[in-house]
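Undergrad: First to last, the protein sequences are chains A and B. Position 6 of the first sequence, counted from 1, bears residue number 6 in this note's numbering, the numbering being contiguous throughout. Position 34 of the second sequence, counted from 1, bears residue number 34 in this note's numbering, the numbering being contiguous throughout.
One should not assume that every hint holds.
[Stated by the list, open to error] Only pairs whose alpha carbons sit at most 25 Å apart, straight line, appear in this in silico SDA-like list of lysine to any residue:
id	chain 1	residue 1	chain 2	residue 2
1	A	K238	A	G43
2	A	K255	B	K148
3	B	K319	B	C291
4	B	K28	A	P277
5	B	K148	A	S152
[Unchecked claim] Here are the in silico distance ranges between beta carbons for each label pair:
id	chain 1	residue 1	chain 2	residue 2	range
6	B	Y293	A	M105	37 to 45 Å
7	B	Y293	A	D149	52 to 60 Å
8	B	S143	A	M64	24 to 32 Å
9	A	S100	B	N38	25 to 33 Å
10	B	P276	A	E300	37 to 45 Å
11	B	K24	A	P104	20 to 28 Å
12	B	V297	A	E309	56 to 64 Å
13	B	D310	A	K310	47 to 55 Å
14	B	T16	A	S145	29 to 37 Å
15	A	Y150	B	K24	17 to 25 Å
[Said to hold, decoys possible] Just so you have them, the derived chain B footprint on chain A, three or more residues with Cβ under 8 Å:
id	stretch
16	207-215
17	270-280
For the record, the hints were derived by calculation from the structure and aren't laboratory data. Values in this document were obtained by computation on a predicted structure and should not be read as measured data. Beta carbons are placed, not taken as given, at the ideal position from N, Cα and C, and that holds for glycine.
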Amino acid sequence: MSLLEVKGLKTYFTIENEVIPAVDGVSFSIDEGEIVALVGESGSGKSITAMSIMGLVPKPGKVMEGEIIFNNENLLHKKEKEMCKIRGNEVSMVYQNPMSSLNPMIPIGNQVAEALIIHQKISKYEAKKEAIKMMELVGIPDASSRYKDYPSQFSGGMRQRIMIAMAIVCQPKILIADEPTTALDVTIQAEILELLKSLIKEYKLSILLITHDLGVVAEMADRVCVMYCGKIMEDTTKANLFRNPLNPYTRRLIKCIPRADDKADILYTIGGNVPHPSDFPKGCRFSTRCEEVIERCKGETPPLIAVGEKHQVRCWLYHGEEE
Amino acid sequence: MKIIEVIDLKKNFSITTPVLEIEKAVVKAVNGVSFHINQGETLGLVGESGSGKTTTGKLLLRLLEPTSGKVLLEGRDISKIKDREFRKIRKDLQVVFQNPYSALDPKMTIEDIMTQPLTIHKIVPPLEFKKEVVRLLNLVGLSAKDAKKFPHEFSGGQRQRIGIARAIATKPKFIVCDEPVSALDVSIQSQILNLLMELQREFKLSYLFIAHGLNVIKHVSNRVAVMYLGKIVEMGDAETIFNEPKHPYTQALMSASTVPDPNIKRERIRLRDEIPSPINLPKGCAFHTRCQYCMDVCKIEEPPLITVEDYCVSCHLVKESIATST
């Protein structure tokens with residue numbers, strides 16, 4: 001039984017009568033204790049998918065269609081007041097840039113405890129105790145004496161740890177991590193990834209990990225959804241993604257990365273650019289850059305086809321091969 | 001042939017009190033760096049943020065005046081040359097910046113942007129400007145009709161191509177590439193890396209390639225220098241640095257990078273704490289506060305830079321092992 005299920009989510013932006021389909025029919029699910037990675041290039045709709053789940057789509061964006069089922073309830077039918085009780089309590093989020101997501105004027109301890117005071121009926125004293133416990137858990141040394149310190153007194157890696165403490169202090173079921181390590185150095189990135197892994201064991205947390213770094217995916221994910229231009233192109237297990245990628249886009253994306261053990265002089269490239277959302281090509285959205293394009297790709301959008309156990313591909317090449 | 005040679009380069013920034021401007025502290029951003037880059041060669045520079053990579057790049061271009069030390073361009077000390085004189089040499093030194101969104105003037109067309117270096121350095125006569133701009137655009141994979149467009153009409157990858165076209169307009173000998181692909185998507189990254197390497201082969205360019213993506217560095221570099229708190233702790237062949245790193249910091253850095261392959265499992269070396277502030281450098285070896293092999297001598301004495309041919313390393317541990325092996 002999946003914990004969170006997204007079905008046919010469509011989030012469109014309407015700007016001056018022009019409709020931009022940022023997220024266009026995305027479906028996936030997250031099981032308990034699972035890490036699902038949402039991979040894609042900029043503009044592929046990863047972050048907007050996350051924002052739609054949180055009910056925080058920025059204007060003029062709007063969720064047009066679809067369902068987001070969490071605890072047998074559709075989050076899209078909830079009122080803002082009800083969403084406030086879920087957000088930060090049962091579903092919470094860690095953002096990319098820890099420098100700009102913390103309030104610089106409020107001591108970090110108060111920021112961590114705030115979620116507890118709002119969501120759970122406990123006294124301020126108990127909230128403080130709980131917040132210190134959580135700060136220790138995420139690896140902030142000497143947490144009780146740093147409770148009153150301001151964000152500017154912490155380094156980037158420490159601020160990201162505080163962000164994680166804020167997100168998990170109410171013990172949510174799902175953590176959405178939007179590029180949690182992109183702004184950090186490799187050594188700090190490794191530490192934060194370790195921390196996230198340890199939290200999964202401790203709290204049976206499920207994570208939706210949004211990233212463009214396939215190295216992070218290889219390290220962390222159980223399942224991977226590859227997004228391109230607002231659509232999921234391939235949905236499969238991590239092992240399948242790296243050993244047996246099927247969609248031409250996924251295959252090329254993996255080939256593009258310079259690898260430490262690869263001696264080739266010239267890197268593999270995907271020709272052309274990601275199309276602008278206002279003029280997505282007809283049919284398959286990758287058809288303009290795909291080398292294996294067939295006539296059908298240019299006219300009809302392929303559906304997600306199940307080609308094996310836990311493996312779905314959106315490509316006409318595999319049509320008729322479904323199991 | 002050495003294009004660039006750097007000898008014991010240092011750069012201090014002083015932090016002063018407001019109003020009275022009394023020096024409070026000194027940030028030793030670059031603290032005694034020496035290396036050289038041959039013609040047609042790429043030296044990769046890696047390190048965490050705050051290790052002084054970008055400052056080193058700026059010093060090489062004379063965008064910053066060094067506190068002490070020398071930067072030699074083909075044997076001439078560029079910090080000693082008068083400004084007027086230096087303007088003639090400037091065209092030999094170019095830079096490609098990290099962020100293609102902010103490196104191009106949004107109010108100028110691509111043609112105007114590209115014509116500027118041609119005018120200033122008198123590369124071609126004014127009548128041939130248009131032809132030259134088109135030639136440069138073609139060289140980086142853009143077309144003649146792009147010349148009349150403005151920067152906002154291009155994607156990130158295309159903008160980076162324009163940045164590169166502008167850099168090679170003056171026919172430079174040496175280019176500092178300061179994180180040229182960090183802001184780009186994976187599929188675009190490989191296009192730009194291929195372009196840079198193609199241009200290098202064609203024009204025998206030398207690059208100082210600054211990046212924090214280790215896979216990228218390994219792909220483009222002939223030699224790699226690892227910086228930590230303003231010092232080079234290890235430098236050598238890309239192969240040697242990546243396959244047999246000797247310095248504990250290099251080892252930790254290599255083990256921390258993620259591999260896009262779930263089958264490769266690496267033993268991760270955990271670093272304690274975070275990079276110390278360059279204002280109060282630790283005594284002795286700057287890395288001793290985070291080093292897992294830290295010995296008593298490391299806390300007191302700074303390890304000397306041991307040089308064996310093209311390879312150098314600065315660590316007490318390695319000194320011992322080299323001494324015992326010989």
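Undergrad: Are the hints correct? Go through all of them and say.
TA: Hint check:
1. Of the pairs offered as hints, the one joining K238 (chain A) and G43 (chain A) holds, with about 23 Å between alpha carbons and a cut-off of 25 Å not exceeded.
2. With a CA separation close to 35 Å, the supplied pair K255 (chain A) and K148 (chain B) exceeds the 25 Å bound.
3. The hinted pair formed by K319 (chain B) and C291 (chain B) meets the criterion: a straight-line CA distance of about 16 Å does not exceed 25 Å.
4. The hinted pair formed by K28 (chain B) and P277 (chain A) fails the criterion: a straight-line CA distance of about 47 Å is larger than 25 Å.
5. Pair hint K148 (chain B) plus S152 (chain A) does not hold up; C-alpha atoms about 45 Å apart against a cutoff of 25 Å.
6. For the pair Y293 (chain B) and M105 (chain A), the beta carbons lie near 42 Å from each other, so the given range of 37 to 45 Å is met.
7. Restraint check, Y293 (chain B) to D149 (chain A): a C-beta distance of roughly 32 Å breaks the suggested window 52 to 60 Å.
8. About 37 Å separates the C-beta atoms of S143 (chain B) and M64 (chain A), a value inconsistent with the hinted range of 24 to 32 Å.
9. Checked against the hint of 25 to 33 Å, the pair S100 (chain A) and N38 (chain B) fails, with Cβ atoms roughly 42 Å apart.
10. Judged by the Cβ atoms, the range 37 to 45 Å given for P276 (chain B) and E300 (chain A) is violated: they are separated by roughly 59 Å.
11. Take K24 (chain B) and P104 (chain A): their Cβ atoms lie about 22 Å apart, and the range 20 to 28 Å holds.
12. Checking the proposed 56 to 64 Å range against V297 (chain B) and E309 (chain A) shows it holds: the Cβ atoms sit about 58 Å from each other.
13. Distance hint for D310 (chain B) and K310 (chain A): a CB-CB separation of about 50 Å, consistent with the stated range 47 to 55 Å.
14. Between T16 (chain B) and S145 (chain A) the beta carbons are some 31 Å apart, a value that agrees with the proposed interval 29 to 37 Å.
15. The hinted range of 17 to 25 Å is satisfied by Y150 (chain A) and K24 (chain B), whose Cβ atoms lie roughly 20 Å apart.
16. Only when three residues or more bring their CB closer than 8 Å to a CB of chain B does the claim for the stretch 207-215 of chain A stand; here the count is 4, and the claim holds.
17. For the stretch 270-280 of chain A, the assignment as covered by chain B holds, since 3 residues bring a beta-carbon within under 8 Å of that chain's beta-carbons and 3 suffice.
Checked against the numbered hints above, the structure breaks hints 2, 4, 5, 7, 8, 9, 10 and satisfies the rest.
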